Every structure is written in C-alpha cells, then in structure tokens.
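*Asks:* Sequence:
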Amino acid sequence: MNDKELKTIIEDIQACPRECEWVEIKKDNWKPELIGEYVSALANGAAYMGQPKGYLVFGIEDSSHAIVGTKFSPKDEKVGNQEIENWIASLLNPRIDFCIQELEVSGKRIVLFIIDSAKDTPVKFKGNAYIRVGSYKKPLSEHPERERKIWQNARNSCFELGVVKGGLKDDEVLELIDYPNVFRLLQEPLPENKHAILQKLEEEKVVCKRPSCFDITNLGAILFAHDLRRFDPLSRKAVRVIFYRGDDRLHAMKERVEWKGYAIGFQSVVDHLSENLPVNEEIGRSQRKETPIYPPIAIREFVANALIHQDFSISGTSPMIEVFQSRLEITNPGKPLIDILRFIDHAPISRNEKLAFIMRRMNFCEERGSGVDRAISECELYQLPAPDFTNEEAYTRVSMFMPKAIRGMSKEDKIRACYQHCCLQYVSGKKMTNESLRVRLNITPSNYSTASRIISDTVGAGLIKLDDATRSRKYARYVPIWV
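Position 10 of the sequence shown, counted from 1, bears residue number 63 in the numbering used here, the numbering being contiguous throughout.
Note that these hints are calculated values from the structure, not bench results.
In this text the structure is predicted, and so the values were computed from the model without any measurement.
Misleading hints may appear alongside valid ones.
Claimed, not checked - Using 30 Å as the maximum straight-line C-alpha spacing, the simulated DSS-like pairs for lysine-lysine come out as follows: (1) Lys-457 / Lys-518; (2) Lys-202 / Lys-161; (3) Lys-106 / Lys-80; (4) Lys-172 / Lys-518; (5) Lys-179 / Lys-84; (6) Lys-60 / Lys-258; (7) Lys-247 / Lys-60; (8) Lys-177 / Lys-124; (9) Lys-172 / Lys-57; (10) Lys-313 / Lys-258; (11) Lys-258 / Lys-407; (12) Lys-128 / Lys-253; (13) Lys-128 / Lys-177; (14) Lys-262 / Lys-57; (15) Lys-222 / Lys-57; (16) Lys-179 / Lys-191; (17) Lys-247 / Lys-106; (18) Lys-131 / Lys-202; (19) Lys-177 / Lys-342; (20) Lys-124 / Lys-202; (21) Lys-190 / Lys-172; (22) Lys-222 / Lys-172; (23) Lys-106 / Lys-79; (24) Lys-262 / Lys-202; (25) Lys-247 / Lys-80; (26) Lys-57 / Lys-84; (27) Lys-172 / Lys-253; (28) Lys-407 / Lys-484; (29) Lys-60 / Lys-262; (30) Lys-253 / Lys-179; (31) Lys-313 / Lys-106; (32) Lys-177 / Lys-253; (33) Lys-131 / Lys-222; (34) Lys-190 / Lys-177; (35) Lys-258 / Lys-247; (36) Lys-80 / Lys-190; (37) Lys-172 / Lys-191.
Put together the whole structure using the sequences plus the hints.
*Replies:* In structure tokens:
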C-alpha cells in the first residue's frame, strides 16, 4: 500500500465514533504478548462482523481520536532473537496474513497493523482464540454465540465481495471501472451525476462505500475493469486465447489476452474467435456464403460457463481458449462441483453465485441449467462430434471437434454422442430410439445395425438403459441411467 491508501485508512479509523470489533486504537503499550492477542481478536472480530480486515493502530489518542504519535518501532522490537512480526506470525493458528505499516501523519509517527479477517476457522494466538466485544478483548470461548457466527460467516464468505483495491476517491473509482458500459449492459440509463453513478455501483456490489472513500470489490473489477492489469491479484485471471499450428501445443501461431473485465471484454473474445475460426464455404448461383464450423451459440455458452464456474482460489492460472487444427478447448481453473455426466439438465452449483447472477442479467448466458443443454443441442444441429467434458483436480475442460464422419469416430466418441443425445431427448420430453440416433449421427437407414451396436455399447458402459415402458425391441426407447 502507498502512503495515500494508508492515510485513507487512518482517516476512516479516526471517523469511527469508537473502537469496535475490528478496530483497536492505542497510543503506546506495545507488549508483544498483548499485540499477539489483539491480532487474534481483530481477525476474529472482523470475521464476526463480515469485514475483510482488522486494524490495530498505534499513535492515536483513544478518546478523541486525535493524532498524537507513538514511540513504538516494530522493526526495533525483538522477542528473543526474532522480530516481533515473525514472532507473532509463528504463534498464530491458522497462519493469516497481517502486515505492519509505518507512516507519518501531520508530522507524527503512526504504526498500523493490517490484519486479514479469519477465513475458515477462528484464529488462535498461543493456542487461545480471542474476540473483541465492543471495545474489550475477551477469550472467544466465553462467547460461543460469536464463535458460531464466525464459523457461519466463514462458510458463507465469497470471493466476489472481497476487496481488490481500496481507499479510492470518487474519480479514481470511475477511472478504473468502465461505468458507462455497466449501465449499458444492465440496460439502464446513465445517471447525470457522479453520486447517482456511485450509488448504483454500490447497489450492484461493484464497490463498497467507506466513510471517506470507496473500495472496489473482486466482482466489480473482474467484470467491469478497464484493465485488469491495474488490479494485481486479478491480472492473472484475464482470458487467454491461443491458436496453434497442428493438434499439439508445440507451435503457437498467435496469442491474445483480453485485459478488460469479463463483462466488458466478453463480446470482443467471442468476435476474435469468430473472425479466426475456420468456416465452410457454400457457393450458390449468385453468391458465396460462409458458415461457421463451430456453432457460435455453443462457443458463447461454453466460454461464459468457464468464466462463471472457475475457482478463483487457484492462483497463477486463468480461463483459456485453445484452438487446434481439429478441435477447440475451453479450460477453466477448478474442479466442477457436479459430476460431468450430469452437466445436461442439472441445475448448476456455482462457486460464484453473484458473478453468475449478474452475467445472466446481462444476457451473457442462459438461465440456470439450460446453457450446456443448448450448446450440446447446437453441436448436434451442426452434425459435430459430441463435446468432451474432462476434469482433473485443478481444472475443467470442454473440447469441441471439427466435423468427423461416423467411420472416423472412435468407440468412445460414439458412446459419448449416444449418451448426450439420450440426455437431450429425455430433457425435451422424448426418448432416444435407433432412428433418432441415426439422424443425430447421420447414419443411413440401411445401417440400422450400426446404430444398434452404438446403443448396445452405451448400455454396456452404464450410461443409458432401456425405458421401462418399452414393450418391443424393434421400437425400443432408451433413457439416461440416472432416470
């Protein structure tokens, strides 16, 4: 943090009518043991009150909140042969992030501890957890109702409402956030004054208002940033698009990173793909017509899903779209929260509900549970091989494939197509038959046995089953195994 941001925090603390669960003010009295207990108490107090940070400040008078300065110099304080910061950190469980900042305000020395809120469990110092109750530090064990709320808040905490950049003035917020496009995408008129604009941004959780400044949330930046590079923690979450020569990753022909927030840059990503993906040329009597090989609707849905359902807690990786000679892969960080075999018709369980909600409001994706269905249906309409969903511990990937004749498909390709077709038929109120599968895979009626063999293999794989109402093998109907 720079001096300006630190001074804004000090101004906010001075503006507080009194000490509270996440703020402790001291002139001096810097006993290491006491500071360690306060770090625990303020981390837990911030979690209890739903605040991202706790603050312990030296150099402010307790009753008047006037700047009086302090003689405390953390770098000169040692416990044994350890600096006080390292000593405290080693005795916290779980370890949390806290930093000590020193600055001058009105010519007087101020020391500020900035302490992360407790995340998954209350923070203990030397084996004991503390909590602020009003302006008093107490053992957390004496206040079980507060401990319960800390656990509850930890379960309900979300990435979207975390602060990515704080201590900003009005104009700084409006410089970093593409607010005209926020209103355009929400289909609302742009207010004529700054106050109304910021009020709406606060209402949409793009910013949080503090007494003398604003904080930009992760949600606000990841969706509406002019440039994600101006938000250090999120710069590695920008969407990457890479085109390769051939079907491996040895020779990248071109790469593009979309630095705008997801909502602002989404259409640009889709347009970039459309302009560079292969097309079919149909020559008619009077003109030539180009049609995309990959269905635009499917690409749009799969890209939106990758953005919405990624795991933001996985650092150093971002949503990625890779285009190869015979396939297109869309990858997002994080293992899916539902079985990949149930992507069709299963209401999605999103890690990022607020992000998903606003993306749906802005029409970037379908209503709950229908986006993947529609994308796969488009692949069927385009007579493409069935998309392949894969997941590992750290990522989820969907692969789309160039057109391929039935004789060029592997057994796995055919089984996957049969299963997805059966699911789509079921969610449409129909049942899969030999005939419907032949239409899906462009198999001629004379090759009835080919479709029968694919169905038999898919039954054998434990993915589909004979409908209970079926009475004739000739007119057999099939449903997904999970029905």
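*Asks:* Does each hint hold? Answer for all of them.
*Replies:* Hints and how they fare:
no.: 1; hint: Lys-457 / Lys-518; in the structure: 26 Å, holds
no.: 2; hint: Lys-202 / Lys-161; in the structure: 38 Å, violated
no.: 3; hint: Lys-106 / Lys-80; in the structure: 21 Å, holds
no.: 4; hint: Lys-172 / Lys-518; in the structure: 45 Å, violated
no.: 5; hint: Lys-179 / Lys-84; in the structure: 15 Å, holds
no.: 6; hint: Lys-60 / Lys-258; in the structure: 24 Å, holds
no.: 7; hint: Lys-247 / Lys-60; in the structure: 24 Å, holds
no.: 8; hint: Lys-177 / Lys-124; in the structure: 28 Å, holds
no.: 9; hint: Lys-172 / Lys-57; in the structure: 27 Å, holds
no.: 10; hint: Lys-313 / Lys-258; in the structure: 18 Å, holds
no.: 11; hint: Lys-258 / Lys-407; in the structure: 9 Å, holds
no.: 12; hint: Lys-128 / Lys-253; in the structure: 43 Å, violated
no.: 13; hint: Lys-128 / Lys-177; in the structure: 23 Å, holds
no.: 14; hint: Lys-262 / Lys-57; in the structure: 17 Å, holds
no.: 15; hint: Lys-222 / Lys-57; in the structure: 11 Å, holds
no.: 16; hint: Lys-179 / Lys-191; in the structure: 15 Å, holds
no.: 17; hint: Lys-247 / Lys-106; in the structure: 28 Å, holds
no.: 18; hint: Lys-131 / Lys-202; in the structure: 35 Å, violated
no.: 19; hint: Lys-177 / Lys-342; in the structure: 68 Å, violated
no.: 20; hint: Lys-124 / Lys-202; in the structure: 37 Å, violated
no.: 21; hint: Lys-190 / Lys-172; in the structure: 20 Å, holds
no.: 22; hint: Lys-222 / Lys-172; in the structure: 28 Å, holds
no.: 23; hint: Lys-106 / Lys-79; in the structure: 18 Å, holds
no.: 24; hint: Lys-262 / Lys-202; in the structure: 24 Å, holds
no.: 25; hint: Lys-247 / Lys-80; in the structure: 38 Å, violated
no.: 26; hint: Lys-57 / Lys-84; in the structure: 28 Å, holds
no.: 27; hint: Lys-172 / Lys-253; in the structure: 29 Å, holds
no.: 28; hint: Lys-407 / Lys-484; in the structure: 36 Å, violated
no.: 29; hint: Lys-60 / Lys-262; in the structure: 16 Å, holds
no.: 30; hint: Lys-253 / Lys-179; in the structure: 45 Å, violated
no.: 31; hint: Lys-313 / Lys-106; in the structure: 28 Å, holds
no.: 32; hint: Lys-177 / Lys-253; in the structure: 39 Å, violated
no.: 33; hint: Lys-131 / Lys-222; in the structure: 38 Å, violated
no.: 34; hint: Lys-190 / Lys-177; in the structure: 13 Å, holds
no.: 35; hint: Lys-258 / Lys-247; in the structure: 17 Å, holds
no.: 36; hint: Lys-80 / Lys-190; in the structure: 17 Å, holds
no.: 37; hint: Lys-172 / Lys-191; in the structure: 20 Å, holds
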